[in-house]
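Protein chains: 4
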Amino acid sequence: MTRLTVELKKALVDQACLYQKRAYIPYSHYAVGSAVLTEDGQIYGGANIENSAYPSGLCAERVAIFKAISEGHRQIKAIAVVTSNGGSPCGACRQVMREFAALDMPVILADEQGEIVFESTMDGILPRSFGPEDLVK
Amino acid sequence: MTRLTVELKKALVDQACLYQKRAYIPYSHYAVGSAVLTEDGQIYGGANIENSAYPSGLCAERVAIFKAISEGHRQIKAIAVVTSNGGSPCGACRQVMREFAALDMPVILADEQGEIVFESTMDGILPRSFGPEDLVK
Amino acid sequence: MTRLTVELKKALVDQACLYQKRAYIPYSHYAVGSAVLTEDGQIYGGANIENSAYPSGLCAERVAIFKAISEGHRQIKAIAVVTSNGGSPCGACRQVMREFAALDMPVILADEQGEIVFESTMDGILPRSFGPEDLVK
Amino acid sequence: MTRLTVELKKALVDQACLYQKRAYIPYSHYAVGSAVLTEDGQIYGGANIENSAYPSGLCAERVAIFKAISEGHRQIKAIAVVTSNGGSPCGACRQVMREFAALDMPVILADEQGEIVFESTMDGILPRSFGPEDLVK
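Chains as they are written, first to last, in my numbering: chain A, 1 to 137; chain B, 1 to 137; chain C, 1 to 137; chain D, 1 to 137.
Honestly, I wouldn't trust all of these hints.
Unchecked claim - Taking beta-carbon pairs under 7 Å as the criterion, some of the chain A residues facing chain C (in silico): (1) C17; (2) Y54; (3) P55; (4) S56; (5) L58; (6) Q75; (7) A92.
Said to hold, decoys possible - Cβ pair distances, simulated, as ranges: (8) A:L103 - B:G72: 35 to 41 Å; (9) C:T5 - D:E112: 27 to 33 Å; (10) A:R74 - B:S84: 26 to 32 Å; (11) A:R74 - D:E119: 31 to 37 Å; (12) A:K21 - D:E133: 23 to 29 Å; (13) A:T5 - C:N85: 52 to 58 Å.
Note that these hints are calculated values from the structure, not bench results. By construction, the Cβ of each residue, glycine as well, lies at the ideal position given by its N, Cα and C atoms.
Put together the whole structure using the sequences plus the hints.
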């Protein structure tokens with residue numbers, strides 16, 4: 001597994017906390033922040049952005065990932081997610097992670113105080129996942 | 001866990017095989033069929049339906065689940081998925097399942113010959129999931 | 001344009017009203033029903049099905065369309081949508097319609113009393129749309 | 001309507017052309033770039049990011065919009081889209097635009113050479129749209 005230093009974990013969680021404040025959540029009032037680490041050490045943050053047509057909104061994790069990939073990155077090395085109650089990424093976000101993450105990529109969940117409440121890996125939160133290799137088999 | 005008889009498993013997989021043939025897949029050519037069992041023993045089938053704007057398509061599992069729920073059901077008791085290579089449900093489908101399934105709901109993956117290749121549960125394929133109770137906490 | 005008889009319009013709106021009652025809407029409390037007509041005269045209904053992870057829900061129109069296509073149909077000839085306030089289909093639903101509809105397909109919006117409040121066409125609600133022919137150009 | 005100077009249009013289209021090169025498109029091979037202008041004159045770019053589970057991908061327009069909103073903006077004043085064949089935004093992207101745009105917001109479509117092929121407005125590409133005000137009616 002990619003080893004994250006305590007400092008790097010803190011940097012990711014801090015960035016997720018910062019972006020949580022930018023959530024656009026007039027419908028659920030449930031704010032989520034996220035931050036991803038790229039292969040060259042950069043950190044990209046995201047927040048959940050809702051829509052009056054609810055299915056057209058997007059979660060914080062995917063905003064952060066799409067931001068990193070659209071800036072030219074092709075791998076994410078770690079992800080942090082911050083909510084008021086230590087909530088987990090939804091399944092759809094886990095699928096988007098999967099396209100760009102190794103199975104042992106660290107996944108960190110924290111609360112709004114920046115306290116880490118759960119740590120796992122890509123494979124730990126999406127076992128027996130569907131990925132690029134399944135399409136070409 | 002909900003116990004499924006051999007006959008019921010076979011009925012689910014057979015229905016998923018049947019619906020796999022109705023997949024609309026001009027873009028990926030990857031056909032998926034699915035079938036869900038409702039609380040009163042009915043079975044609803046679904047197939048993947050793609051779109052030229054790729055993100056607007058939908059997977060077979062979600063088609064089957066949405067079909068059952070829109071017919072008035074509010075619980076699914078088991079789900080089967082059929083692909084050519086025993087592929088798994090994507091994370092987004094797992095999230096939709098989660099809204100209507102107990103954590104121990106059986107999940108059955110089979111190939112096109114109807115051979116079961118993997119069996120798990122809702123919680124087994126989406127551990128530490130995000131669900132309705134997280135929003136109200 | 002496909003000409004719809006008064007009777008057929010009423011049948012579509014009635015079915016949409018019926019399905020509106022099956023909406024699963026614990027989060028928005030905004031119920032939508034829809035009904036699509038297939039090339040052989042069958043009518044399929046749908047309702048909106050929400051999810052605690054809001055982006056993972058689905059609108060009524062798409063539920064109805066995916067239902068019809070997964071039953072083997074490949075064309076929809078008309079669609080009706082029913083809401084409390086004559087609300088329009090979201091853009092994502094319009095995109096899914098577009099894959100299976102002619103540009104002059106009738107689109108009917110009605111209120112919960114079954115009163116038609118607006119009539120248009122596929123092209124009328126999604127001008128200069130993106131479709132299958134754009135991918136191969 | 002918001003008046004865009006020739007220079008501003010060119011800046012938007014240039015940025016969309018730049019981001020088109022960052023598209024992650026192993027499945028469709030159809031590259032799209034987009035750029036949005038915020039109320040304070042900043043420009044954010046996006047590219048389409050696909051997924052092996054096709055419906056979990058995201059279009060360039062939405063990547064650009066979500067990026068701007070997650071950086072704290074709440075309004076987009078113009079959007080440009082670049083493809084090889086002057087393709088239009090999909091309906092789902094139009095819906096996400098709608099949440100953050102005035103009805104007369106300029107929409108610009110260009111080809112890979114930066115040639116503008118079509119100009120319209122938010123309302124012009126998504127007439128009688130569904131928006132925030134529909135939910136509270």
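Inset, instruction - Kindly indicate which numbered hints from before are broken by the structure, ordering the numbers from low to high. - result: Hint check: 1, 6 and 9 fail, others pass.
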